[in-house]
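Residue numbers (numbering that gives the first Met the number 0), protein chains in the order written: chain C, 0 to 272; chain R, 0 to 328.
Read the hints as simulated data drawn from the structure, not as lab findings. C-beta atoms are modelled at their ideal positions from N, C-alpha and C, and glycine is treated no differently. Some hints could be false.
What the simulated footprint calls covered on chain C by chain R, stretch by stretch (three residues with Cβ under 8 Å from a Cβ of chain R suffice, anywhere in the stretch; the number is not a length) [unchecked claim]:
{"no.": "1", "region": "59-72"}
{"no.": "2", "region": "77-83"}
{"no.": "3", "region": "86-95"}
Sample of chain R residues with no beta-carbon within 12 Å of chain C, all distances over it, derived [said to hold, decoys possible]:
{"no.": "4", "residue": "Phe22"}
{"no.": "5", "residue": "Glu223"}
{"no.": "6", "residue": "Val238"}
{"no.": "7", "residue": "Tyr293"}
{"no.": "8", "residue": "Leu301"}
{"no.": "9", "residue": "Phe319"}
Chain by chain, the residues:
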Amino acid sequence: MGRPFVLPAKAPERIVSLAPNVTEILFALGLGDRIVGATRFCDHPDGARAVPRVGGLVDPNVEIVRSLDPDLVIGFRGNPLRVLERIGKLGLSVFVLDIGESLEALPPLIERIGAVTRTEERAARLASSLRERIGAVGAAMAGIGARPRVFVLLYGQGLWTCGGESYLDDLISRAGAENVAAHLPKKWALYKREQIVKDDPRVIFVLSKSEADFAAGRDWLARGGRFGSVEAVRTGRVHRLDEDAASRFGPRLVDVLERMARLLHPERFGEGP
Amino acid sequence: MNAKTGRTLFWTALVALALAGLFLSVLTGPVKTTAGDLLEFLRRYDRVQAAIFVDLRLARAVLAFLVGAALSLSGAILQGYFRNPMADPFVVGVSSGAALGAVASLSLGIGATVLGFPAQGLTAFAAGLGIVSLVYLLSSRRGDLRVETLLLTGIAAGALASSLTSFLLFMRSDSFDQAVFWLLGSFQLAEWAQVGAVAPWFLLALVVALWLARDMNLLALGDEAARALGCPVATVRKVFLGAASLLAALSVSVSGIIGFVGLVVPHWVRILIGPEHRRLFFGASLAGGTFLLYCDLLARTLLPSELPIGVITAAVGAPFFLYLLHRKR
Numbered sequence: 000m001g002r003p004f005v006l007p008a009k010a011p012e013r014i015v016s017l018a019p020n021v022t023e024i025l026f027a028l029g030l031g032d033r034i035v036g037a038t039r040f041c042d043h044p045d046g047a048r049a050v051p052r053v054g055g056l057v058d059p060n061v062e063i064v065r066s067l068d069p070d071l072v073i074g075f076r077g078n079p080l081r082v083l084e085r086i087g088k089l090g091l092s093v094f095v096l097d098i099g100e101s102l103e104a105l106p107p108l109i110e111r112i113g114a115v116t117r118t119e120e121r122a123a124r125l126a127s128s129l130r131e132r133i134g135a136v137g138a139a140m141a142g143i144g145a146r147p148r149v150f151v152l153l154y155g156q157g158l159w160t161c162g163g164e165s166y167l168d169d170l171i172s173r174a175g176a177e178n179v180a181a182h183l184p185k186k187w188a189l190y191k192r193e194q195i196v197k198d199d200p201r202v203i204f205v206l207s208k209s210e211a212d213f214a215a216g217r218d219w220l221a222r223g224g225r226f227g228s229v230e231a232v233r234t235g236r237v238h239r240l241d242e243d244a245a246s247r248f249g250p251r252l253v254d255v256l257e258r259m260a261r262l263l264h265p266e267r268f269g270e271g272p
Numbered sequence: 000m001n002a003k004t005g006r007t008l009f010w011t012a013l014v015a016l017a018l019a020g021l022f023l024s025v026l027t028g029p030v031k032t033t034a035g036d037l038l039e040f041l042r043r044y045d046r047v048q049a050a051i052f053v054d055l056r057l058a059r060a061v062l063a064f065l066v067g068a069a070l071s072l073s074g075a076i077l078q079g080y081f082r083n084p085m086a087d088p089f090v091v092g093v094s095s096g097a098a099l100g101a102v103a104s105l106s107l108g109i110g111a112t113v114l115g116f117p118a119q120g121l122t123a124f125a126a127g128l129g130i131v132s133l134v135y136l137l138s139s140r141r142g143d144l145r146v147e148t149l150l151l152t153g154i155a156a157g158a159l160a161s162s163l164t165s166f167l168l169f170m171r172s173d174s175f176d177q178a179v180f181w182l183l184g185s186f187q188l189a190e191w192a193q194v195g196a197v198a199p200w201f202l203l204a205l206v207v208a209l210w211l212a213r214d215m216n217l218l219a220l221g222d223e224a225a226r227a228l229g230c231p232v233a234t235v236r237k238v239f240l241g242a243a244s245l246l247a248a249l250s251v252s253v254s255g256i257i258g259f260v261g262l263v264v265p266h267w268v269r270i271l272i273g274p275e276h277r278r279l280f281f282g283a284s285l286a287g288g289t290f291l292l293y294c295d296l297l298a299r300t301l302l303p304s305e306l307p308i309g310v311i312t313a314a315v316g317a318p319f320f321l322y323l324l325h326r327k328r
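If we strip away everything but chain R, and leave its shape as in the complex, we get (with noise of 0.2 Å):
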């Protein structure tokens, strides 16, 4: 098999993937439906069929599918920045950043909105950019970055920033059900407005990041290299922690910290169709989109009373980032 009908079975394969799990979602809830309902409520106009259906499973499965592929993304761009395969939003501190931002906004009861966007997301954006450029300084003093500084930073600056969240969580009344979903993520109360507030900036960073994808390529070369090669190094790379950063702190406002899949993702995809950064920005979009789909159902089925679905990831992504650890010593 040659590489590019590897590539079409790839793409193929992820799409059909996708579909059966929009498909999946819908039908799988805590109130018992069948296919045959949904026939009958695509035939036949539903009040109840209508709000469980589309403004609840669809509503839901949609921003599951949006957040898996902005966090994927945003893990692809990262590690094509630090040019370093453990790179991911949680990782290097953006996620939990960012869900400082946003709990801080809330607390402070700070709830305009800016330019059509919640000042929840604008925060998050603020916290995310602001710990993943502290953390790009500390660890890139006297010029080079060294991998295992950037990733105990990025950890400690998450930790940090996760424990400020925390108190400010338990400082309000309502601390503990809030502090389940800014810290391990969910979905359970998924709604199209939050699909509405995600999906435009999801799909202008995609665009960007393909756009300058052959400036990725070049930057894996080394600074140098590619300046020489023509690319304006410091513009670019600015655009990218940008793009990355908003990536992870719109994910973070709807959906609380969901770590782990911004790492696993494009390394998959990496393996699967090779490191050409066009390629990879798309296939880790699809495939981040669909990894969390999956993700949600097992959260909502496999017990009773729904699991946080940062829980899931973990447990898929935490093994493989020792792996990955483990491999490169």
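Just chain C, same shape as in the assembly (with noise of 0.2 Å):
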């Protein structure tokens, strides 16, 4: 929020999370049995389910937060700043995370984290484990010659896929692909259906919630959606990635550019083609 954040002498014993994805790095961090409250979102690892809801990630609730009082409220972009600046006003000490472009600042976020709740060790411990697989996700893919098309898709009301701005880009890239949509200046864009035809990718990630979600937006693809001349869509190579898994900058992330990298390039991992 512009100021500085000034660290805690003792570890935050109440915390409250307004976001999914810190939700998610508390809990690796062992700090579930701490969190007093966090988002109607948070609904993962399982634990999180039980914790009490201060509303949503937009609509956090001033005077639940105040009621739980907590010692430290973590707040993320994405909550309205205004809302922030009031839990602030009540005397509540409030640290705001912000998203990063790439998969890079996921680390450095993990750290932070660590540093505020006094957790440094094992957040430094998180941090070096998921830069270790990045790491091990770019080696496998040095020296990578064709970058195959990729298209994202977003399933659920019209052709949302993520822009040149979003993280997942990064971890296209990462994966050893190229974002048809990467142009876009956005994180999360409209595509147009004529434009997909055109780029043919040869490989379409979906994501969604559910198997059954998946299982429909594959077929959407290949029947009501025309996209039947696509190459993605001819040879079956429409995969699922887990929608709160990748809309989350957490350390689920990781994971999703591991299931990427294998799905794209399996010869790069040992397996047959």
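Since each chain comes alone in its own frame, lean on the hints to assemble the complex.
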């Protein structure tokens, strides 16, 4: 919030998390039992479902947050700034994190959460293991020649995809491919049907919450969507990515990266082509 | 029942309603609290209860009351000023102009305070006054003020200001909740500092309005007649237009655009206690505050997540506006 955050002298014991990715990171740092409030979207890991709700990402309720008497509130970009400021004016200590545009920003984000929750060691271990896994994918892709063209579909309403400013675009590059929508200077953008037919992506990733949604999306691409001519649809290279894992800036993004890399370049992981 | 007892009844009922609304507001919220909790808190201080009862709920209730009073007084003044029962800060475009001014100063990053007045409030006032003067000039060509022209000009100017406001907001990244706040109003993030910023100016405007109420009574007879009876028409008109714009701009700068309060409340009060302006100004302030207090209670409790308060006031006010328009024809 443009103010330096003073690190607490002792580890916070009552934490309110205002974003699902923050909740995931707190659980990964072993702080699950210190979370006293989370948003209604915080559903991972399973333990997060039992945490009292304080509202949503854009409508956290100030009064409920205050009633939980937290000693640390962790906000994220996506929470309205005015609400965060109002919580701060009640005398609560509020720490706000910004979202990264590339995967590189994830380990430092975890280390910062480690610093404010005084779990520096555990955060350092988690961050370095993520760095290693990201590095391993990079090493496997070293000297790669052809980069298949990829389209990411957020299945639901319209042809939403990730533009060049999205961290998913960065994931696609790291997985040895090229995002057909990379030229769009946005995080998320509506794509044009004709443009997909013209781009002719070799692989399509469908972001979906469940296998059933994925099946519906794949069928829609093949029939209703009239993408029969697209290479990915013709050759059956339409794959699912877990929507929650891929859309939250947390540790599961590295799982998504590994899955993408293996699906795009199985030969680089000692698997049959 | 003679007029005097009727008025006594009106004032008593209004004060009782206002106090009951204040009490209900302090007890109502997403965190469950009872009257027992409140009594317990009054006996023994508790940090969390203090934040919930005083910092959040009471500040919100008091701000809602003040803004309601300011909007309603602004409406009562404008109705007298235009000699028309359909004028109100929202209808004549002041509110939308003020919102544009506030959002423009935010977007341009002007955050300074001038003479203890936040820049946002100042630009809101300037833009609100600008719009209402423009509307007045455009609709009063050739000397006489035509009601239809006035209303249509006000509505058009307001729509234009709102579209510019939306444009400025959508250029920013955190646009959605900001747009809802400025265009539909909310007391969700009310705080005591806002009460402190609005209260003195509201009181000043109320005192001035009560002071000049007799002149407003004369204006109702027409400018010529008023002048003949010794009213300094030009000065009085300027002061009233300034006061009405100030009240609307202050309200908008702390709570966004809340429409129709200034339209319906002075009407109800006029029906109940008559058109004499001193009583009307005072009654409209008290009734407007009480009205918005209850509207805010509804906005907080109708749905699991909060409704913008402008949705409630428009649901009450717009049908009333149509009724007035229809009756006039």
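Comparing the hints with the structure gives:
| no. | hint | result |
| --- | --- | --- |
| 1 | 59-72 | holds (count 7) |
| 2 | 77-83 | holds (count 4) |
| 3 | 86-95 | holds (count 3) |
| 4 | Phe22 | holds, 17 Å |
| 5 | Glu223 | holds, 50 Å |
| 6 | Val238 | holds, 35 Å |
| 7 | Tyr293 | holds, 19 Å |
| 8 | Leu301 | holds, 15 Å |
| 9 | Phe319 | holds, 30 Å |
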